[in-house]
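Starting from the given sequences, assemble the full structure and let the hints guide the process.
Line by line, the protein sequences are chains S and P. Every number in our numbering is 1 more than the matching position in the first sequence, counting from 1. Every number in our numbering is 892 more than the matching position in the second sequence, counting from 1.
Honestly, the hints are just simulated from the structure, not real lab data. Do not take every clue at face value.
Once the Cα atoms are required to be at most 25 Å apart in a straight line, the calculated PhoX-like pairs of lysine-lysine come out as [as the list claims (entries may be wrong)]:
| hint | chain 1 | residue 1 | chain 2 | residue 2 |
| --- | --- | --- | --- | --- |
| 1 | S | K150 | P | K972 |
| 2 | S | K67 | P | K1028 |
| 3 | S | K74 | P | K1028 |
| 4 | P | K1028 | S | K150 |
| 5 | P | K1002 | P | K990 |
| 6 | S | K178 | P | K1002 |
| 7 | S | K67 | S | K4 |
| 8 | S | K150 | P | K962 |
| 9 | S | K74 | P | K1029 |
| 10 | S | K217 | S | K67 |
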Amino acid sequence: MVKIFILLKKDFLLELRQQHTFFGILLYVASTIFVLYLAMGQPDSAVYNGLFWMIQLFVCVNAVAKSFLQESKGRMLYFFSISSPVHFIIAKLIYNAILMLLMVLLSLILFRILLGNPVNNSFQFIGITCLGGLSLSLVFTLMAAIAAKAQQSAAIMAILGFPLIIPQLLLLIRLSKSSMGEVFRAGALMQISLLLIGLDLLVVVLAIVLFPFLWKD
Amino acid sequence: MKFKWWKLLCIFFLLLTFTAGFLIKIPIIGNLHQTARNFFFHIPMWFGQMGLLSLSLGFSIAYLRTENLKYDIYASELAKTGIIFGILGLITGSIWAKYTWGEFWSNDPKQIAAAIAVLIYLAYIVLRGSMTDMDKKARISAVYNIFAYFIYIPLIMILPRLVQSLHPGGMEGAKGGGNPALGGNNLDATMEMVFWPAVFGWLLLGIWISSLKIRLYMLANKNLINE
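Listed below in structure tokens is the structure:
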């Protein structure tokens, strides 16, 4: 537990010291949404919903990709000698989840300012976006680990991750329609949310089980 | 030439499928008419794909446990045959859809899920192609294969139950609800006599194709793999 915390602290310290990466992503989010605003003005709810999740997908690829790609080969070797792979992946999962939650909430605010607000039930939508950010970051953390090992970084990560994320993304888009006024069958909302949480748990367990095999070289 | 019993069984089952499948009397249900015979070709493709990909998963786990390159080749060839079955399943499904739903592709949730499943495994092939070191390729692609399988199962087993679809089976309470693809227990007895042999026939054919490809690969790379 302490080890996970130390690894987590190291990731945050690194983030604070090399601020250009963090602000790079922030600028990426802001400029994409600004371009969208210039291109579309204030779209209706279906378009808004689709755009929102697509932007989250691309933000996630960029934000999570660097968490593994920034580690040089020598540094990975150092981590290998001082910590266990399970601690390392758990720390990365938590770090990426926090980073992605931050990004999701920031882009939600930007969307609200620039692209209007077709959302009826704000609290519900914030909950859904948090769940979505979590789901996206967990899947892409493992994909980034695989891509970092395959040494083809960003391109291979998109190829691997996009088909895998589609089921969760479709569920999220469907779920967000509920907070934009669509009426669901009783219990369906809970069912989809639980399914997403179940998928997240599955991804975490798989990441913990599979990462030790990626780790050794 | 060695001839194994299951290869004979495969030939027999497929002969049965291609003769009896076209000749037996089938019940005419709604607008299906004679297209219901596609039952013996379309659905076994998905059984075949599931079977082949599950075997592939098994060999990937075996590879990670033993680090024997042989298992990696098994896993990759089985996955490739699985992709071919998936594409054939999509094609037979689209042709069937053309004559019953009116369009080759109507963005039905089940068509989309099946297409995504094929994409996931195509990504597996791309990942394998991106690395040259054999051990590294084997290990990383085994990890991806296992991860992909556990996303693939919810994709085709759970998601279709949540949404409305033209395809039989699916939502609870709908006709044949409960099973994501089949229309429940309304299969005619005579059709069932051809259907199950067809399922096993196609599955065995898939295993046969993969085993030939595995043997070819083993011969071509004899010096790399130590038995």
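Here's how the hints hold up against the structure:
About 23 Å separates the Cα atoms of K150 of chain S and K972 of chain P, which keeps this hinted pair within 25 Å; it holds. The hinted pair formed by K67 of chain S and K1028 of chain P meets the criterion: a straight-line CA distance of about 22 Å does not exceed 25 Å. Annotation: proposed proximity of K74 of chain S to K1028 of chain P holds, straight-line Cα distance about 15 Å (limit 25 Å). Distance restraint check for K1028 of chain P and K150 of chain S: the Cα-Cα separation of roughly 8 Å lies within the 25 Å cut-off, and the hinted pair is therefore satisfied.
Between K1002 of chain P and K990 of chain P the alpha-carbon distance is near 15 Å, which keeps this suggested pair within the 25 Å criterion. Pair hint K178 of chain S plus K1002 of chain P holds up; C-alpha atoms about 20 Å apart against a cutoff of 25 Å. The straight-line distance between the Cα atoms of K67 of chain S and K4 of chain S is roughly 22 Å, inside the 25 Å bound, and the hint therefore holds. With a C-alpha separation of about 22 Å, the suggested pair K150 of chain S and K962 of chain P falls inside the 25 Å cut-off, and the hint holds.
Restraint check for K74 of chain S and K1029 of chain P: satisfied, since their Cα atoms lie roughly 18 Å apart, inside the 25 Å limit. With a C-alpha separation of about 20 Å, the suggested pair K217 of chain S and K67 of chain S falls inside the 25 Å cut-off, and the hint holds.
Going through the hint list in order, the structure satisfies each hint without exception.
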